[in-house]
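Asks: In the order they appear, the protein sequences are chains A and B. Last residue of the first sequence: number 433 in our numbering, and the count goes up by one each step with no gaps. Last residue of the second sequence: number 224 in our numbering, and the count goes up by one each step with no gaps.
Just so you know, these hints were derived from the structure itself, not from any lab. Think of the CB as a built atom: it goes at the ideal place given N, C-alpha and C, for glycine as much as any other residue. It is possible that some hints are incorrect.
[As the list claims (entries may be wrong)] Chain A is faced by these chain B residues, among others (derived, beta-carbon under 10 Å):
{"hint": "1", "residue": "Leu80"}
{"hint": "2", "residue": "Gln100"}
{"hint": "3", "residue": "Ala112"}
{"hint": "4", "residue": "Gln205"}
[Stated by the list, open to error] Listed below are the simulated DSS-like cross-link pairs for lysine-lysine, each with C-alpha atoms no more than 27 Å apart in a straight line:
{"hint": "5", "chain 1": "B", "residue 1": "Lys163", "chain 2": "A", "residue 2": "Lys308"}
{"hint": "6", "chain 1": "A", "residue 1": "Lys361", "chain 2": "A", "residue 2": "Lys348"}
{"hint": "7", "chain 1": "B", "residue 1": "Lys163", "chain 2": "B", "residue 2": "Lys91"}
{"hint": "8", "chain 1": "A", "residue 1": "Lys407", "chain 2": "B", "residue 2": "Lys78"}
{"hint": "9", "chain 1": "A", "residue 1": "Lys407", "chain 2": "A", "residue 2": "Lys294"}
{"hint": "10", "chain 1": "A", "residue 1": "Lys294", "chain 2": "B", "residue 2": "Lys91"}
{"hint": "11", "chain 1": "B", "residue 1": "Lys78", "chain 2": "A", "residue 2": "Lys424"}
{"hint": "12", "chain 1": "A", "residue 1": "Lys424", "chain 2": "B", "residue 2": "Lys204"}
{"hint": "13", "chain 1": "A", "residue 1": "Lys294", "chain 2": "B", "residue 2": "Lys204"}
{"hint": "14", "chain 1": "A", "residue 1": "Lys407", "chain 2": "A", "residue 2": "Lys424"}
{"hint": "15", "chain 1": "A", "residue 1": "Lys308", "chain 2": "A", "residue 2": "Lys367"}
{"hint": "16", "chain 1": "A", "residue 1": "Lys407", "chain 2": "B", "residue 2": "Lys91"}
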Amino acid sequence: MQRRDSSQRPERPQRNTRGHWPLWLWRSAAVVAVLSTVVLGATLRAQPRAAADRVSSLIPSGQPLETYGSSSAPITMVVFTDYECPSCRALYENTLRPMINDYVASGKVYLVHHNFPLPQHKYGYEAARWVYASARVGEFANAEAALYDNQDAWAASGDIAKYVSAAMPAPEFRKVEQLMKGCSFSDAPGTCPLDSVINADRALGEEIPVRATPTYVIVYKGRRLPAASGAVSWPILKQFFDSLLSQ
Amino acid sequence: MSVLGAALNWLAEWGFIFVVAGAIAAFCVRGSARRRSLVRVLLVVGSIVIGSIFLAAAYGKLKPLPGFPWSWASLKTSIALFAIQVESYNLLSSSAANTVAHILPFAELFLGLWLITGIWRRYSSLVACLAFAGFMIAIFSAYRRGLKIDCGCGVGPAEQAGPGALLRDGLRFLLPSLIVCTGAFWIRKQSALSPAATEAPESAAPASQ
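Isolated chain B (complex conformation) (with noise of 0.2 Å):
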């Protein structure tokens, strides 16, 4: 389970260094049916690293402390430990954090496997978008108020809420998910401004939709 850890924590901490660089690509290359062929492949590619944030961060949060194997008992023990470090930002009432620590960590889990799916990918990658700017407005009023606590993100080593928190969300986590929801849509776009250019659709979203 630990090796399955550092490979999410890997691929969460340095997996928007691909998405970048795979925009980037896509802004240079000449000509639309290229373009939205190494979209595409930037979508499927910025899914798996958005979801592995969120499975990362959901592992970070479920798993069981030093010392503790796998178990019910432990995943309460993690939840529980993860409340007192909701409550840290003093933002919530003692229930809702409490609320927030049991229902976070398995929201971020559903989020990763569906990011990773692809289903729907526009709204997952909307939803993720909105999650880790929710995140970043907590690290921020934190920071704000002086509070010097663990941001409590459950992604690579813990991290005191700040400057720095806030540059590692924003630039390793934000902008992917930035990048992969633009690119869903525009490629949304595209395919009903040209049926031709739905030949290879966007892998997960039914064609209902």
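If we strip away everything but chain A, and leave its shape as in the complex, we get (with noise of 0.2 Å):
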């Protein structure tokens, strides 16, 4: 009977209908055996490892400027902007300012300004200096605020005095101007006394490195987090120091 079977049909294989099941079957189940141990004896074993990073460099001590919010928050948010960059300006208005609201004003997180004026941008060096001018008389909030809200016009015009005076009371703007004696566009190059702290923030961005602006690094409980670029959006950023915050 089975002799008969086997002439009725040569043309059907054998192995098309039998011991191919099998064979994919075992080979499906090892691989999930040998992953199911991998990851079983990973979990058992996971130890916290210490932080390849070191933090120090990135969050200034001291008495530090160009800051907002609490230096002991559990999140150090060390971002790296050019004043004139239109991405920067989009990370501080979508992102950065409600932030500030929130999770700065909440003692969340800790976030620190670091210069990166690129060479392309004509200003963006001296916006930097306005700035840290400002930041020096406890005026950085509202000088940033005003550069950012008003980026288009003295990206045009070159005047940034008109804005940074706008955004502080006109006593603390004249200590603004006092410290900016000898670094206004016209100037020769080196005779800014503020453009060593602008300097430094560049040369440890270019450690970084920071390829592009805006780039930004994270540092949950003095652990370096790899450092991204780029847009991102508020509720995104959120639900990553949320899901951090509950590690």
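Assembly of the complex is requested from the two constituent chains, each provided in isolation within its own frame, with the hints serving as guidance.
Replies: See the structure below:
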């Protein structure tokens, strides 16, 4: 009976109907078993590792000037920006401003600003000087907001002082002007006493490395996470912060 | 786990050499029976290589951040970080980027396992080709728009979205996928033309296909 059946269907190869399913089934089971063993073993052995990167150079010590919030916050966000860069303005307006009002105000995030003026932006470096001078008199937040809010205007005219002066009381602006002596666009390079700070910021950015602005580095409880650049919306960043805080 | 990640990354980065060498050998070998046998071996090796690429990519996206142990919370953090990378491409809205970030790593995990098991290899390799093509289009688009962002590929060291990432994806990922896809459809066609050729059929394809 068996001989007659096989002779009736000579074109039907046996391996298509027999021994085929078990082969892939066994292979699938082997793959799943190996992966399960590795994942299980790694989970049981997992130990918190020491942070690979040190963060001390990213977070200013002493009396930091261009920062928002408390340095004791569990999350530190270090941002490298150029005041003339449109993406930096978008990051500030859409992400950092709501973050400052929410997570910085509630003590969850410490925001640190570093200057990274790009050579292709004509007034970027001078804007960084104005903002740093404002920070020296305690008007960092107002000056930064004024420059981002009016970026198109001063980037076209170069009149940064106009918007900085409007952002703070007159006595404070006079102090800023004093600090800016030798720092205006027409002054010779190397005469501005504020440049050493901006150049130090840029050197730090080159170590990260900053390839584009804005670039940001997030530090959570002393662990530095990989640097990221480009746009990020506040809801997405907030989700990330919430997941970090839940660890 | 880091050993597994390193092994997957190695296979993902260098496995294309085996696939390309196998394809060249299959072209050069004389005799259709020998060529079919060689292609069948190539398909198995190629599927493992491409599967490893997807597993390595999923591992790269889901692994805990440096200094964190594997846990549910660390998984959520890694996905949240990947959402930032997806959004940085400026192609999707925040909610869409978030959805993609939650789905893509698990889709890659599934596709990697599907490829390695060899079930319906023609279709799995076709899906792999489409996935790689999609990733390359996204990277090219970011490069064209002047975005200097991390490609977020998850395989190998972090790489900026640009010509380097495109070359890597094209040579190491898309090329072996195309070879396996072409080989899988060729074997199927050969099997249909010559029933004797199905003596050692594509390992995972059910007979009813």
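Asks: Going back to the hint list, which numbers does this structure go against?
Replies: Per hint list: 4, 12, 13 violated.
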